[in-house]
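Engineer: Sequence:
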Amino acid sequence: MQGDRRQIQTAVLGSADSDDPLMLPLEAIELDAFRHLHESDTFWCGLLLGGCGGRLTTKLYTDRACHFAHHPDPDGQPHECRRRSRGVASADHLYVKSAAAAWLRGRGEQARFDFTRPDGAPVGSVVDIQFKDRGLRVHLDGAVAPVWDEGSEPVLGTSVPVDRDTLIDRWYVHRIRLDSEGTARRVKIGTEAFARPTEWFGLDDCTMTERGLSTPAVERIIESRRTPPPSRWSPGKAKKVPEPDTRAQGLLRRLLYARRIESVALVAQVCGEIADLAGVSPEILGQLEAAVRHARAWLEEQAEVRRKLFAGLDEAVADQRAGRVRRLLFRVNATASHDRTEAEEAIVARATDYFAGLDSHTRQAVEAEAATERAAAEAAGRVRTLLKGLRRHDAYAYELRDQVKELLGAATVAGERVTAGQARDVALWKERFAAGRSLPPYPLHSRVGRRYWIARSCPRCHAEQGKDCVLVEGTDTGERRKYPHDERVQLILHERKAKQKQTPRAWRVDEVTCPDCGRGYNTPCESPAGPHRSRVELAREYSRLRKPPPKR
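Those letters in the sequence shown? Residues 1362 to 1913, by the working numbering.
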């Protein structure tokens, strides 16, 4: 499949400031199913992806990769966007947040997430996870050097180097990678140690201990070496000065990396080093010239996007549009917080002063609006996540009560951010929840053994005798259900209840006439020791023969 420089492979769902990532399938045959699944969703060039915040649409191709694309501007011109990180890995920081939040939530813990940008690093390079009295700092690339034994424990991406001395002194370091599975990204945690291969595990295999993040490999490493072994000295060879072509190839790799992380300063620096390089072969020289030409064009595009951003902020201050000032000031601080010119600093200062000088009533209104927008955006993201999980179920069950309650509450807070398709799903689960509140606080299938319900067919999914029930709604239609449908079990419970009503109850002793003393209904025998033995045996016989009770 041919490469497509314009392609955008990732987006966010619901709104520009959403943190719910989405990856588009590359093949046309997969895109049809993707569109059907998300027919009620909207896709955005998210701010947390380094995007412009514009709305996206899907493009289907048979001769190249399918991808997202911006809607054209109102004047019909192609939309200009500063975003340049567009591949499947461009939303990894959002997938890390989602996976880590679910992992901690499953253990009854909560965390605070922050996409910090130390020294102006690109958004997404670092993910800070802070919970309780400890934290993790995930380095997805090498834009920010890890700091050991200070605050949060570093977790390194596969491209982040670590020196031998660190491995020896610390015994091990943790790494992270994300693997594509369909249109999702799955987090894997690896443990790397000196002279040991990196072992990879799923998040469910990891725990948080007093030492920090721990995997099964950590336990084996600690058991095998209680103290760090001394590093062995070995004579090394003198490093050779790289040849011009080797040096040029290294600069090309650095330039590619700088473009991938969208670092304007690093791109400009590498272009300067390439300009000072001499003595390369004609073939390599042509590659260098082409790379520098594209890099300088990219720098000009970045400068134009940045100019428009600051111009828009300046115009919003002049027009005294408090809400727009707040939104643009947020974007400026998120995407252009470093290497500002004096004019840019002056614009930011005017915007900051304007916002700080608002009267209390206006400022409270703007901040309340912002808080409401943030809460609605978070709730909309939670609605999408909960519905995605509930799509694997086609009926209400008692064990789903907490998820459904949270869904209904989040949908109320999200308000208009809930799409029409999501609203239909929420209404369906609301109806199921109302009908299922009368269910007992235990699943119906726990009252009937498998050998009984498996011998019946299911009236809901029409599973035959000897076959498990399957899903009849949702995206996994036709997949085997973990438990049988309640309708299948309810038939057996109804039959048992009807049989109990038809079966005569056992006779009491005082309902039988005593053969010895002749005492009748509800009259004790004359014997002070209790009912005569003959009366007891007669009651047992009547019960065994299931004779109807006598007329009274």
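Calculated from the structure, these hints are not laboratory results. Idealized CB from N, CA, C, for every residue including glycine. A portion of the hints provided could be inaccurate.
[What the hints assert, rightly or not] Computed list of lysine-lysine pairs in DSS-like fashion (alpha-carbon distance at most 30 angstroms, straight line): (1) K1766 with K1493; (2) K1828 with K1749; (3) K1493 with K1858; (4) K1843 with K1858.
[Stated by the list, open to error] Cβ-Cβ distance ranges computed for the label pairs, FRET-style: (5) V1523 with T1733: 43 to 51 angstroms; (6) E1848 with S1721: 38 to 46 angstroms; (7) P1804 with E1584: 19 to 27 angstroms; (8) C1878 with Q1826: 52 to 60 angstroms; (9) V1833 with E1542: 35 to 43 angstroms; (10) T1568 with Q1610: 39 to 47 angstroms.
Engineer: Decide, hint by hint, whether the structure agrees.
Structural biologist: Results of checking the hints against the structure:
1. The suggested pairing of K1766 with K1493 holds, with an alpha-carbon distance near 27 angstroms, which does not exceed 30 angstroms.
2. A hinted pair counts as satisfied when its Cα atoms are at most 30 angstroms apart, and K1828 with K1749 qualifies at roughly 27 angstroms.
3. For the given pair, K1493 sits about 52 angstroms from K1858 by alpha-carbon distance, which is inconsistent with the 30 angstroms threshold.
4. Taking the CA atoms of K1843 and K1858, the gap is about 26 angstroms. The hint holds against a cut of 30 angstroms.
5. Between V1523 and T1733, the C-beta spacing of about 44 angstroms keeps the proposed range 43 to 51 angstroms intact.
6. At roughly 60 angstroms, the beta-carbon separation of E1848 and S1721 lies outside the given 38 to 46 angstroms, and the hint is violated.
7. Against the hinted window of 19 to 27 angstroms, the Cβ-Cβ separation of P1804 and E1584 comes to about 41 angstroms, which falls outside the hint.
8. Restraint check, C1878 to Q1826: a C-beta distance of roughly 56 angstroms satisfies the suggested window 52 to 60 angstroms.
9. Checking the proposed 35 to 43 angstroms range against V1833 and E1542 shows it is violated: the Cβ atoms sit about 25 angstroms from each other.
10. With their beta carbons about 43 angstroms apart, T1568 and Q1610 fall inside the hinted range of 39 to 47 angstroms.
In this structure, the earlier hints numbered 3, 6, 7 and 9 are contradicted, and the remaining ones agree with it.
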